[in-house]
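> Sequence:
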Amino acid sequence: MKDGFGRDIVYLRLSVTDRCNLRCVYCMPESGIRKLRHEDILSIEEIDEIVKATAACGISKVRITGGEPLVRRGIIDICRRVAETPGINEVCLTTNGILLPKYADELIQAGVNRINISLDSLDAVTYNKITRFNGLDDALIGLNTAIKAGFDAVKINTVLIGGINEESIYDMLALTRKYKVDVRFIELMPIGECADWSEEKFINASRVLQLSPELREIGTDGVTKLYMLPDGLSTVGLISPISSHFCPSCNKIRITSDGTLKPCLHSAEEIKLRGLHGAELEQTIRDAIYGKPKKHGLDDGSHSDAIRNMNAIGG
Numbered sequence: 034m035k036d037g038f039g040r041d042i043v044y045l046r047l048s049v050t051d052r053c054n055l056r057c058v059y060c061m062p063e064s065g066i067r068k069l070r071h072e073d074i075l076s077i078e079e080i081d082e083i084v085k086a087t088a089a090c091g092i093s094k095v096r097i098t099g100g101e102p103l104v105r106r107g108i109i110d111i112c113r114r115v116a117e118t119p120g121i122n123e124v125c126l127t128t129n130g131i132l133l134p135k136y137a138d139e140l141i142q143a144g145v146n147r148i149n150i151s152l153d154s155l156d157a158v159t160y161n162k163i164t165r166f167n168g169l170d171d172a173l174i175g176l177n178t179a180i181k182a183g184f185d186a187v188k189i190n191t192v193l194i195g196g197i198n199e200e201s202i203y204d205m206l207a208l209t210r211k212y213k214v215d216v217r218f219i220e221l222m223p224i225g226e227c228a229d230w231s232e233e234k235f236i237n238a239s240r241v242l243q244l245s246p247e248l249r250e251i252g253t254d255g256v257t258k259l260y261m262l263p264d265g266l267s268t269v270g271l272i273s274p275i276s277s278h279f280c281p282s283c284n285k286i287r288i289t290s291d292g293t294l295k296p297c298l299h300s301a302e303e304i305k306l307r308g309l310h311g312a313e314l315e316q317t318i319r320d321a322i323y324g325k326p327k328k329h330g331l332d333d334g335s336h337s338d339a340i341r342n343m344n345a346i347g348g
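Add 33 to a position in the sequence shown, counting from 1, and you land on the number used in the working numbering.
Since the hints were made in silico from the structure, they are not lab data.
Mixed in with the good hints, there may be bad ones.
[As the list claims (entries may be wrong)] Quick list of simulated restraints, FRET-style, between CB atoms:
hint	residue 1	residue 2	range
1	Glu250	Asn122	27 to 33 Å
2	Ser277	Pro134	33 to 39 Å
3	Arg249	Gly183	54 to 60 Å
4	Arg165	Arg70	21 to 27 Å
[Said to hold, decoys possible] Think about it this way: if two alpha-carbon atoms lie no more than 27 Å apart in a straight line, the pair counts; the simulated DSS-like pairs of lysine-lysine are:
hint	residue 1	residue 2
5	Lys135	Lys211
6	Lys135	Lys162
7	Lys181	Lys135
8	Lys68	Lys305
9	Lys35	Lys285
10	Lys85	Lys305
11	Lys285	Lys328
12	Lys68	Lys162
13	Lys35	Lys181
14	Lys258	Lys85
Where a beta carbon is used, it is the ideal one built from N, C-alpha and C, also for glycine.
Work out the full structure: start from the sequences and follow the hints.
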């Protein structure tokens, strides 16, 4: 369905857990989080009911996120139920990759079409600094598993952090010369843990073009500007929510693991869905979609109004 500004809202980012096996500096505190209790998160049956209601409202693509979704008990059943929902024609999952060797084949069998792997550096020291975890080798094994497993597409998401992983841009670009793996560079957003970080940490995605002027533009994919290296096997994408916000074409809503709907990532507005059923649930979703804000306010230099860290919203 269309929102109040005529945008077709077809994309749901569905968080199934606030927990993660990493502690990325821009996502959660070093000491960890105050974890939701088991009874505070949506059950598999509640997720099933909510996804069916969003599909009735026009949602056709679902991305399953966390935290780290693969730490959620019952994740394969969740994926299967989402994929079997009438009206849902694409199911994606975003992961840090560490648990993919265990789950990749089951995810495909459950109907997951695409995998995005969050990977901010191929340098072990930098990876450890960002994730607070000595797990680069495990993440790379997960990446190779995903490549071999047969997903329709495998993408890498790299968050750009000034002064920390700029040198890693070259290594990430090189992956597109070796593998059919698309790499997406994403601007860091002032939300949660990094809301008050110094200005130099927030670098423009165009920094990738400055470091690699041989990239040639080939088009767009939703909110992503696409490029390729002359000898590349796959694409390089730039996602610029700050320097060139894409609010006019935003087509998504988010549902948190405890059952609230966020029409906009950077708004404080959260609409409770848990406990609603049938026509009331569907109408609440329709009202939330129609009331989706026109734009966020990050391009005026302010930080996000979101009241949660990213791990509690869904990456």
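> Hints the structure violates: just list their numbers, smallest first.
3, 13, 14
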